[in-house]
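Undergrad: These are the residues of each chain, in order.
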Amino acid sequence: MSSRDYLGEFEHLIVLAVLRLADQAYGVTVRQEIQNRTRREVSIGAVYATLDRLEAKGYVKSCLGDPTPERGGRSKRFFAVTTKGVTAVNRTQRALESMNEGLELAGAIDDCA
Amino acid sequence: MTVHDDRAKPPCIAAWLIVLFASAEDESLLGDLLEEFSELASTSGAAVARRWYWRQALQSTPHLFVNGFRSAPWSTTAVVVAGYLLIKVLFPLPEKALFAVLHRYRVFDRHFNVYVFFATDGAAMVHVLMSMLLGCFVGLTASKREMIAATTLVLVLLGMTGAASVAWVTRGNSSMLWSMLPWNLADWLAMLAGAAIIRSHRLAASTATLGR
Numbered sequence: 001m002s003s004r005d006y007l008g009e010f011e012h013l014i015v016l017a018v019l020r021l022a023d024q025a026y027g028v029t030v031r032q033e034i035q036n037r038t039r040r041e042v043s044i045g046a047v048y049a050t051l052d053r054l055e056a057k058g059y060v061k062s063c064l065g066d067p068t069p070e071r072g073g074r075s076k077r078f079f080a081v082t083t084k085g086v087t088a089v090n091r092t093q094r095a096l097e098s099m100n101e102g103l104e105l106a107g108a109i110d111d112c113a
Numbered sequence: 001m002t003v004h005d006d007r008a009k010p011p012c013i014a015a016w017l018i019v020l021f022a023s024a025e026d027e028s029l030l031g032d033l034l035e036e037f038s039e040l041a042s043t044s045g046a047a048v049a050r051r052w053y054w055r056q057a058l059q060s061t062p063h064l065f066v067n068g069f070r071s072a073p074w075s076t077t078a079v080v081v082a083g084y085l086l087i088k089v090l091f092p093l094p095e096k097a098l099f100a101v102l103h104r105y106r107v108f109d110r111h112f113n114v115y116v117f118f119a120t121d122g123a124a125m126v127h128v129l130m131s132m133l134l135g136c137f138v139g140l141t142a143s144k145r146e147m148i149a150a151t152t153l154v155l156v157l158l159g160m161t162g163a164a165s166v167a168w169v170t171r172g173n174s175s176m177l178w179s180m181l182p183w184n185l186a187d188w189l190a191m192l193a194g195a196a197i198i199r200s201h202r203l204a205a206s207t208a209t210l211g212r
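These protein sequence lines are chains A and B, in that order. Using the numbering used here, the first residue of the first sequence is number 1, and each one after it goes up by one. Using the numbering used here, the first residue of the second sequence is number 1, and each one after it goes up by one.
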């Protein structure tokens with residue numbers, strides 16, 4: 001198993017957002033989902049750059065919808081997580097859970113100080 | 001009370017910045033930005049939406065640049081190397097021609113102030129013009145990734161100038177450095193402007209073709 005089989009932090013968030021949104025996952029909804037749940041401002045450029053990278057790795061796939069006038073005649077690009085992507089999410093989650101196991105994070109920093 | 005503005009349009013320069021760096025595969029990104037901008041303009045007002053659009057444009061451009069480079073690293077590098085070699089070969093030529101003319105007509109003896117102008121600012125202005133032409137060349141050579149190639153070349157030159165500046169400062173030649181830096185900055189901006197002209201021209205031509 002290589003390090004490439006694990007998702008980076010932002011990749012992890014993106015894949016989880018796409019999974020949550022199911023068939024409504026496109027740039028706007030993915031960006032808003034991450035922003036609303038993590039309370040951190042996310043740029044659409046970062047979302048697309050990560051989705052392109054995930055697509056190149058085979059973790060997500062995309063298809064174009066119909067162009068609409070309110071989008072300046074441009075199509076929505078819908079994303080879906082592949083089986084390989086789900087496997088990568090599970091592996092990353094398990095790794096994180098394994099690292100968290102037995103840790104008592106509350107007050108850890110105060111104890112150090 | 002919230003002001004509803006259905007006619008709000010994204011800020012032109014921010015939208016242009018995104019279009020310059022977005023590839024053909026990023027068409028949906030432009031639509032997403034417009035969709036969210038329109039939603040925000042109708043709920044929070046045009047000013048808030050414009051500020052949001054500017055933030056998105058400035059934060060997205062580096063990602064679009066990196067993504068554009070990653071999608072075609074070898075062809076972009078080839079264009080950057082060609083551009084750099086052109087700088088090395090062609091840039092000294094106009095300066096040599098300029099000084100040849102100045103000496104031929106003995107400007108130094110007859111019009112000293114004119115000579116000083118051409119020997120300093122005049123030569124630097126020729127460099128800026130050459131940089132813009134080089135930006136056009138890079139734009140023409142880097143098909144569909146005009147700004148990615150031009151920005152990479154500018155970053156390479158920026159890195160080299162940075163290293164040279166450190167060397168000059170450590171040797172105590174900082175006065176010459178401060179007089180040259182503004183002209184270097186003008187060269188780089190002119191290079192990016194040249195590539196942007198080619199990019200804008202190509203986009204306008206492809207839009208006109210699609211419109212037919």
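No lab work stands behind these hints: they were computed from the structure. Every residue, glycine too, gets a C-beta built ideally from N, C-alpha and C. Where hints are given, some of them may not hold.
Computed, partial: chain B to chain A, Cβ under 8 Å [claimed, not checked]:
no., residue
1, S28
2, L29
3, L30
4, G31
5, D32
6, E36
7, S38
8, Q56
9, T61
10, H63
11, T77
12, D109
13, D121
14, M125
Undergrad: Any hints from earlier that this structure breaks? Give me their numbers in increasing order, please.
TA: Result: hints 11, 12, 13, 14 break, sorted rising.
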